[in-house]
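Using the hints, position chain S against chain E.
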Amino acid sequence: MTDQTYSKTELMICVAARLFQDGTTAFIGTGIPMLAAMLAAKTIAPNLVPVFEFGGLGAIMEDLPRAVGEARTFHKGILAAGICELMETSQRGFIDYGFLGGAQIDPYGNLNSTTIGEHDHPKVRLPGSGGGNDVGSQCWMTVAIMQHDKRRFVPKLDFVTTPGYLTGPGAREAAGLPAGTHPINVVSTLALMDYDDGPGGTCRMRLAATHPGVTVQEVIENTGFELIIPEHVRVNDPPSTEDLRLLREEIDPERFYI
Amino acid sequence: MEILESGIGEMIQPPDIEAFREWNCTKKSRKLEDKLMSEQEAISTFVYDGCYIGTELYGTVRCPMSLCRELIRQGKKELRVVGQGVLELDLWLGAGLVKKLDITYIGLEVYGTCNALRRAVESGQVVSCVEWSNASISWRMKATAMGVPFLPTRSMLGTDTLKYSSAKVVEDPFTGLKVCLLPALILDVALIHVHRADRYGNAQIEGISGFSAEMARATKRLIISAEEIVPTDEIRKYPDRTIIPYYLVDAVVHAPFGSHPGEMAYIYGRDEPVIKEWVEMSKTVEGTRSYLDKYVFGVANHQEYMQLIGEERLARLVDERERRE
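Order-wise, the sequence lines are chains E and S. Per our numbering, the very first residue in the first sequence carries number 1; after that it's consecutive. Per our numbering, the very first residue in the second sequence carries number 1; after that it's consecutive.
With a straight-line Cα cutoff of 25 Å, these simulated SDA-like cross-link-like pairs (lysine to any residue) come out:
| # | chain 1 | residue 1 | chain 2 | residue 2 |
| --- | --- | --- | --- | --- |
| 1 | S | 163 | E | 178 |
| 2 | E | 76 | S | 319 |
| 3 | S | 28 | S | 245 |
| 4 | S | 294 | S | 112 |
| 5 | E | 156 | S | 112 |
| 6 | E | 123 | S | 118 |
| 7 | S | 276 | S | 292 |
| 8 | S | 276 | E | 63 |
| 9 | E | 76 | E | 47 |
| 10 | S | 163 | E | 167 |
| 11 | S | 99 | E | 121 |
| 12 | S | 168 | E | 120 |
| 13 | S | 168 | E | 93 |
| 14 | S | 99 | S | 6 |
Here are the computed distance ranges between Cβ atoms for each label pair:
| # | chain 1 | residue 1 | chain 2 | residue 2 | range |
| --- | --- | --- | --- | --- | --- |
| 15 | E | 240 | S | 300 | 52 to 60 Å |
| 16 | S | 30 | E | 179 | 43 to 51 Å |
| 17 | E | 78 | S | 319 | 25 to 33 Å |
If you're looking for bench data, these hints aren't it; they were derived computationally from the structure. Computed from a prediction, not measured in an experiment: that's the story for all the values here. The beta-carbon is built from N, C-alpha and C at its ideal position, and this holds for glycine as well.
In isolation and in its complexed conformation, chain E is listed as follows (with noise of 0.2 Å):
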């Protein structure tokens, strides 16, 4: 416990390393999920073997890396080759988790990085689907990193770029996409979400936990589709005083993010 102050983003960074488990492979995105596996590296997942798009794996990851191919995502690595051999590496089933970010959600965890408005005379143009696509496709298991507000979480994407239950039970297979890959959480500023993805379950999104000092009521009024709230929602610890050192001091002590 603290009593320190810290902001919504560093809050939502010490949750998500929460989640990566010890001793798996995680493809991580750009951004706010290179920081939360840093952290985890750094405190709960000592044995976490990071994997970077373009052909960094196992790294020890001393400095923030600003972009999925600099050298900081291979420094004293097991592996530097090429994205073939890492896609392929994910698409043969040996990635256990991907850690996403994107410009907007829907109920069902589909992510749109690509186009706000209609594609072919948008709007904002935003970069593209990347790997995000891939890692959507391919990881066991994915978790989504957001800022929450309305705009963000929206009922129906302008593009779906990245798939997470698509439209609902059973959709990701009848597309074609390995059977048993699926997304699993998503954190955002406000709160830790799941999905109703139990036996008879709808796959949509469900609140599981809400950050310290935030209502359920504050979770609901931020998201643009009804979001499935369970009788009891647990509330998330707030950062130790170590995370908080470790992220300021060691991680982003530039504040790229923080």
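Chain S alone, transformed into the frame defined by chain E:
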């Protein structure tokens, strides 16, 4: 084989794998020939208006930036671009040279969305954006590298990324699984920056190899720029490190700091202030113009560009390089 779904995206360059074999048979020399030339000569000889072109790796990492800047200086236009890019393609977009995009990702990574890309696409200057994932575009090149017309894969299924691509979905005749068929991608010209090459084009890379092996084998013309030009004896001492053999290569350019302001693993780090300068200036049309005037049109060639950056600054980037320890 029944086609279950077809992407509606334009096939920007329909692949003709038989013609590519023919090209490789008749247009690519098997002789060890001296291909060393300047950026000016390489770009003016092999890049032309309307060509289908790709760069590797991308903007801030082992990217052929000196070649990219020379292309802008020569005003090669109406380019059809295979787009996995950060600074390099944003510069081309900002200079108004791009007509069509096979796009995977064009962004500024840590700094977010590209403003030059936004202006070029939202204004309709780029007339066609065909969507792909990073793995898909690399696998399309891999298909060409293998000499086959397509590859079955399991990405993009069920999404708008597939809908706005030119991929197709079929049922695999062996297992019954739905698979995404990616058409081979054959470039007219590719630009790749490497750590070292000899004057014939035998090229070696350190650190991650990105999609260099695939792109080098999926293009009719290949321009290599290298930090260092080494004697062929050096290549022959470490043949296991050769990722691009000479017969794939049409031009070799000696470009020390050729990836600047991006990094080159084990040689120099990235130049954050110059990258940030583009991030800031590319926010407006006027700023974009000023940046291009300063760093592209304001210098005659890469040697003058390095003088503009300055020895002291370049030495600092060398000091900040990733080290093997």
